[in-house]
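Hey, can you work out the whole structure from these sequences and the hints?
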Amino acid sequence: MLPQVLFLYFAFAIVALSLAVITRKNPVHSVIFMLVLFFHIAALYLTLNAEFLAAIQIIVYAGAILVLFLFVVLMLNLKEEVTEHRYISLWAVGVLLSIAISAIFLMTLSSIPLGAKGVFSPDVIASETHTVALGKLLYTEFLYPFEIASVILLVAIVGAVVLAKKRLKS
Amino acid sequence: METALKFPVLTPAMPEIIMLIGALAILMLDLIVRKKDFIALASLILAGLVAYNVFGAAGETFGGMFVADGYAMFFKLIFLVSLMLTILISIKYIEVERVNYGEYYSLALFSTLGMMIMASAGDLIVLYLGLELMALSTYVLAGFLKHSLRSNEAAVKYFLLGAFASAFLLFGISLTYGITGTTDIRAVAAYISENGLSENPVLLLSVILFSVAFSFKIAAAPFHMWAPDVYEGAPTSVTAFMSVGPKAAGFAVIGKVFLIAFASAKLSWVQVLIPVAILTMATGNILALMQTNIKRMLAYSSIAHAGYALLGIIAGGAEGMAGVMSYLMIYAFMNIGAFAIVILLRSEGFQGENISDLEGLSKTHPLYAALMLISMFSLTGIPPTAGFIGKFYIFVSAVNAGYTWLVVVAVIFSAISAYFYLRVVMYMYMREPKEEVRLTTSPAVNLALAISTAAVLLIGVLPSSVIDLAMYAAAGF
Amino acid sequence: MDHIVTDILEFIFLMWFAIFSAGTLDVLINIGIIILKIAAVVAVVMTHVAYATYFERKAIGHMQVRLGPMRVGPHGILQPIADFVKLFFKEDIIPAQADKPLFYIAPVIAVFAAMSSLAVIPFFNGFVIANLNIGLLFILAMSSIGAYGIIMAGWSSNSKYSFLGGLRSSAQVISYEIAMGLSLVGVVMMAGSLNLTDIVKAQQAYPLKMYIFPQFLGFFVFMVAAFAETNRTPFDLPEAESELVAGYFVEYSGMRFALFFAAEYIGMILMALLGAICYLGGWNGPFQIPYIPFAWLLVKVYCIVFLFYWVRATVPRYRYDQLMALGWKIMIPLTLLNIVITGVIKILT
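In order, the protein sequences belong to chains A, B and C.
Residue numbers 3 to 172, in this note's numbering, belong to the letters of the first sequence in order.
Residue numbers 63 to 539, in this note's numbering, belong to the letters of the second sequence in order.
Residue numbers -13 to 335, in this note's numbering, belong to the letters of the third sequence in order.
Just so you know, these hints were derived from the structure itself, not from any lab.
Don't take every hint at face value.
What the simulated footprint calls covered on chain B by chain A, stretch by stretch (three residues with Cβ under 8 Å from a Cβ of chain A suffice, anywhere in the stretch; the number is not a length) [said to hold, decoys possible]:
| hint | stretch |
| --- | --- |
| 1 | 154 to 164 |
| 2 | 219 to 231 |
| 3 | 253 to 266 |
| 4 | 323 to 331 |
| 5 | 351 to 360 |
| 6 | 471 to 480 |
Simulated crosslink set (DSBU-like; lysine-lysine; CA at most 30 Å straight-line) [said to hold, decoys possible]:
| hint | chain 1 | residue 1 | chain 2 | residue 2 |
| --- | --- | --- | --- | --- |
| 7 | C | 195 | C | 332 |
| 8 | A | 27 | C | 86 |
| 9 | C | 23 | C | 195 |
| 10 | C | 146 | C | 86 |
| 11 | A | 27 | B | 98 |
| 12 | A | 27 | C | 146 |
| 13 | A | 119 | B | 208 |
| 14 | B | 208 | B | 219 |
| 15 | A | 138 | C | 332 |
| 16 | A | 168 | B | 328 |
No residue lacks a Cβ here, since even glycine has one placed at the ideal position from N, Cα and C.
Right under this line is the structure:
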C-alpha cells in the first residue's frame, strides 16, 4: 500500500513541479523548482531501492548541471523573462494539442501489456545492494554502451573547448 | 555471487576500435603538429584503414549488442566515403573561414564513429547512444564558425530540436521495453510476433514516436523545419557531411527498427510512413522552387531525396532495402559533388552562396560548370547519371511491392524538381558572367570532385557494381 | 525558528531513508531511537561549532602574537555564548529589493545540507543515525545542495557584492566537488564499499589502521578540495573581505547570518570528520581508549580542524584564475592518476 501511495504522490508532484518549472516568469525560480523536481525523481528511485541512482541524480543533476544552469541565468542577470509581442498566439492551440496527445497516451497506456520481467526486482537489488548490482552489470553485460557513453562525454568536452577557443588570424 | 569479467571478442568490432583509437590519436596529434593539412591527411589515412577493415569484420560481439553483417558493412562504406570526401573538400575551406582547428577532423571522425555504431547496433540502447555520439559531434561542427551568427543559430537550432527528437526516441524505446521487456532488436521482434502484439496500441504509439525521431534525423516532413536554416548556417563542408552521413545513418536505424524489430507490425508503420513520404517529397520539391540561396535549395533537395528513399523502406524486403542503400551511396557522391562546387565559390570576402553567383560559370570556368552540370543532372535523375539508377531501383521495388500510385506521385514530384536543378544549369550556361568569380581551388577539392563525378558517371553506366553489393548486403531482409 | 524547520526537514529525510533502507524494522521504536541519536549528534556538533569559532580566534590570535578574545569569562571562554546571544537578539534586516522567499530559505538550505550529512557519519562502532549503503555519495550529494544556499543567498540579496560572491562560489564549489569526489574514489576502490562504517572497518588491515599511506595522493587532494568546498582560506574568494566585504552573506544579519556562519563551521567539521573516517581510520586508533569509543575520532578531527586554522593564519588568498587552474589542471589529473594507480595495484595484489 505504502509504495503505491508514495508513487502516486511523487508522480503527481513531478508533473506539478514540471509545470511550475515551465510557467515561472523568473528563470531563477524555474531553476529552484527544477531542483525540487530532481529531489522527487531521486526519491522515486529510492522506492525501487535504486539508492546509487538516487544519489547520482542529486550529485550530477542537482549538484552540477543545475548549478551550471543557475550560473548562466545569473550571469545573464535575467530578472524577468523578456516578453515580446507575438504575431500569432498559439497558446490555445498548444493547450488543445497537449490535451489531445495526453488523451491518446492515456488511452493507449491503459492497454499496456507488461513485457517479460527481468532479473532485477527491487528485492533482488536490496539483497545485493544497488551499487554492486549496477557496477557488475555496467562492466559486464553493458560494457559496450558504457564505453560509448564515455566517448560521448569526451566529444562533449572537446566540443565545449573548441567552441570556447579564440578565432584564428587569417 | 561472483561474476567473472569475461573479456569480449573484439575482432568483429575492429573497424570501430581502430576508428576510436585513431580519432583519439589525431586529437592528441593536434597538440604537436602545427600544420593542419597533416591532420587532415592522417584522418584520411585513418578512414581508409577503417574502410579496409570493414570488409574483413563480420560477426557479433558484446552479447549481440554489436552486429557486423553485410548490412552494417554497406552503410559503413557510405559513411566512410562521405567522411573522406568531406575531409577533402574541407581542407581549403576551413582555412578560408579561419576555423582551421584540428578538432574539426576529430569531431568528423567521432561523428562517423557514431554512425558506424548505429549501423551495427543490435540493441536499442546502443542505437540511441550511437545516434547521440553522431549528433553531438555534428552539433558542434554546425556551430564551428563561432564568429558567424548564422552558424550559431544553426548549431542552437540543430541542438535543441535534436535533443527534442532524442527525447521522442527514448520514449519510443522505453515503451517498447515496457511491452517486451527487452531492448535487443531481434528479441523485440521475436517477442512481438510470438505474443501477437503487432496490433497493440502501445506498440503503435511506440512506432509513431520512433517515426518522429527518425523523421527528424533524416529531415523528413513535417519534422524538416530545422534543415534549411541549419544547412544554410553551418559551414558548407559540414552541410555536405550532414546531408549525407547522418541521413544515411538515420536510414540505417530505420531499417533496423522498422524492418527487423517491428517487422511483424509492418501494416502499422507503413500507414505512418506513407503520408510522411508524400509530404516530404511535396515540401522538399515545392519549397526548393523559390530558393535563391544554393545551400537552402540543396537543403530542400535533401529533404526531397529523403522522401524518395522512404519509398524503399515502405516497399520493404531485401529489394526495397537494397534500393535504399544503393540510393544513399549514390546520393553521397552526387550531393558532395554539388557541395564541392559551392565550396569553390567561397573565397576571402565573398560568400558565394546565391544561385545567381553561378551566372556564366561556363564562360569563366567551363570544367567546373560541367562538373556541376553532372551533379545537377544526377540529382534530378536524368540518365546516364547515377541518380537515375538510384531512383529507378527504388521505384521498381515500390512497384513490385504494390505501391504503384505512390511511385506515380514520386515521379511527378521528381519532374517538378527538374525545374530548380536545371535552373542552376541554366544560370551557368545561358547567362553572361556578372563579375569576375574567383574560385578557391585546391588539389584536395579537385580530387573530391574527380572522385564524385567519376563515381556518378560510373555507377550510371555500370549500375551493377553498387546494386549487386547492396543486394548482397540486404539479403537478410 | 529556522532551526526547527531544519530539524523537521532533516527528520523527514532521515525517516525516509530509515524506512526504505532498513525495510522491515519496527518503525516506531526506530523513530524513537533515531530522534535520540539526532538530538545527541546535534547537541555535540553545535557545541563544537560554537567552540570552533572561539578556538579559531584564539589559535590565530596566538599565531599573530595577539591574545584573541579575553573579556567574557576566563580567557574569553564564554565568548561564543555572548556571540550567540548577540546574534539571536539582533534585528533581522531584509533588503527592500531582495527576493524574499529565496532570501529567507537560503540560510536554511545551507544549514540543512550541512546538518543532514551528519546523519551518515559513524562516530564510533555501531553509532550512526542512518547507516546508508551509499553514505559517501549522500555526503557528496548534500554538499552539492549546500552550494544552492550560497548561490541563492548571493542572488536574492540583490547586491553586487553578494552576487559576485555567489557566482564565484558556484563555480568554485562545482569545480572542487569533482576533485573531491574523484579523490574519494581511491578509498572506495580499496574498501569496496560506499558505506562509511565499512570503510572504517576495511582500514583495520592497513598500517596504523589508516588509508593515508596508500592513499596519500587522494588525501592531499581531498584536503585541498575540502578547503575549497568550505570556502576557507586560501580559497575564500566567495567571501573575500577585502574585495567583497563579506561575499554572499553580506546582506544578512542577526539569526540568518548566524545560520550561514554555523553552516560554514558545520561544513568544516564535517569535512574533518570525512577526512578522519576515510583516510585516518575513523574511531580506530593504535590502542583502545576505554569508555570513550569516539576518542580517536575526536583527536583526528581536532587535528584536521587545527590544520584549517593554521592554513588560514599562514597562507594568502589565491587569485581566481589560479584557483580554477589549480582545481582543473592539477587536482583532477592527480586524482585520476591516483585512481589508475589504485586500480593497477588492486588488480596485481
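#### Entry: Structure-inconsistent hints, enumerated in ascending order
The structure conflicts with hints 2, 4, 5, 6, 11, 13 and 16, although it agrees with all the remaining ones.
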